[in-house]
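A.B. asks: Guided by the hints, dock chain Y onto chain R, whose structure is given.
Going down the list, the protein sequences come from chains R and Y. Heads up: the first sequence begins at 27 in the numbering used here, then just goes up one per residue. Heads up: the second sequence begins at 23 in the numbering used here, then just goes up one per residue.
Incorrect hints may appear among the rest.
Facing chain Y, from chain R, some residues (calculated, C-beta under 7 Å) [claimed, not checked]:
1. Q206
2. D227
3. G294
Restricting the straight-line Cα-Cα distance to at most 25 Å, the calculated cross-link-like pairs of lysine-lysine (BS3-like) are [unchecked claim]:
4. K287(R) with K254(R)
5. K76(Y) with K249(R)
6. K287(R) with K265(R)
7. K76(Y) with K300(R)
8. K285(R) with K76(Y)
9. K287(R) with K117(Y)
Hints in this document: simulated from the structure, not taken from any laboratory. From the three backbone atoms N, C-alpha and C, an ideal C-beta is built for every residue, glycine too.
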Amino acid sequence: MVDTDNILTVNKLTKHFKDFSLKNVSFRLPRGYVMGFIGPNGSGKSTTIKLILNLLCKDSGQINVFGLDNLEHELAIKNRMAFVFDENHFYEELSIRDMARIIAPFYRHWEPQTFEKCLKDFVINPKQKIKQLSKGMKMKFSLAIALSHGAELLIMDEPTAGLDPMARSELLDILATLIQDERNSVFFSTHITPDLDKIADYVTFINQGEIVLSAPKDDILEKYGVIKGSCDLLDEESKRLFVGIKTNQFGFEGLVRDKEKALRRFRGLALLEKPSLEDIMLYTVRGEHHA
Amino acid sequence: MNIIIANSSPEPIYQQIVTQMKNLILKGDLTEAEGLPSIRILAKELQISVITTKRAYEELEREGYIETVGGKGSFVSAQNKELLYEKRLRVVEEKVTEAIVAARNAGMEREELLAMFKLLLEEQ
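Excised from the complex, chain R in its bound form (with noise of 0.2 Å):
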């Protein structure tokens, strides 16, 4: 079956290695749409992208784009697709004009009038050399190319770590105008959350090579809260509404996954603020340590 309206299906998908595994990894996101892949160091957001991109070989499971096989239409599948990874990945020595020479040929539909004006609007000067360039320049460059052959999916592996905050606004503002055209989608992974509570539509949560949690970003933060107050309003039964508590000498702050029920117990007697998914992270990941 062809599945037109994901551009991204990933089912069932597992990789062991000797000391890490990715179980059963489902999620898709919606065509004209971006995705931020959020979770710790280590948690499988690069191996999963790996996989994807038929870096890696999967142990089972199914990952489909544009509702092809990855592997069975890779060639297809990478014409129309772009990807940005965290690390440089061209010729240091080459200028960027000479690396973009080399590059074009290997896509069916590199557009030469693109790349110069993405060069301008970045404003890359083309004759410089690779190494000579900053990591948010670097990054805009990847962009450049990727956006240069007409790709309707961009796939981006932890591409804020190390930019300063002017490179991530600029980056934010580059694929927000990517998916005017709603043919497109974005995929990136990421641990800097505050990005992607600007600009995500879908979050996609990988703790411990397991998804915790894919949702529309708006359904998951009006969902989740956190409640603060004193520390005699935790029992046996209210804890249990928590995923996770942290506590002080002057009161507790804690996430819930249920808002509303958590109301219903706590209203006038404890703070409901609105969570950022850092929040949902880190209270996640901690309160499992803690079980």
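C.D. replies: Just chain Y now, with coordinates in the frame of chain R:
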């Protein structure tokens, strides 16, 4: 057209957009048949997700404030302003009735309630 998003507000972002657009329409700042920004442009400009702006437009559509024409975008509904104003009056009526019931249940006197209402009005 101005839309200001408060990140610190407990009100969900989509709801903030809905409220502000309703106000713009009722005040006549956004007029009938005037094209609204696409959900994607609005998302980009406000630096929020497309799903959020989509939900706001869907809500406005459901309440009859705007209409979406496939391929052409969204527009302010041709519905007359009086009707929309009526709708809002009804919402206020409901809320005030709710307050009256709550006051009665609490055993408040009529004069007490009126005094409270006046006091709160002045404080606003």
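A.B. asks: For every hint, state whether the structure bears it out.
C.D. replies: Status of each hint after checking the structure:
At its closest, the beta carbon of Q206(R) sits 5 Å from a beta carbon of chain Y; the interface hint therefore holds under the 7 Å criterion. For D227(R), the interface hint holds, the least distance from its beta-carbon to any beta-carbon of chain Y being 4 Å, beneath 7 Å. Evaluation of the G294(R) hint against chain Y yields a violated restraint, the C-beta minimum of about 15 Å exceeding 7 Å. A distance of roughly 15 Å separates the Cα atoms of K287(R) and K254(R); the hinted pair therefore holds under the 25 Å criterion.
A hinted pair counts as satisfied when its Cα atoms are at most 25 Å apart, and K76(Y) with K249(R) qualifies at roughly 19 Å. Annotation: proposed proximity of K287(R) to K265(R) holds, straight-line Cα distance about 13 Å (limit 25 Å). Among the hinted pairs, K76(Y) with K300(R) is consistent with the structure: their alpha-carbon atoms are about 21 Å apart, no more than 25 Å. The straight-line distance between the Cα atoms of K285(R) and K76(Y) is roughly 24 Å, inside the 25 Å bound, and the hint therefore holds.
A C-alpha spacing of about 24 Å is found between K287(R) and K117(Y), which places the hinted pair at or below 25 Å, so the restraint holds.
Comparing the model with each numbered hint stated earlier shows that hint 3 is the single one that does not hold.
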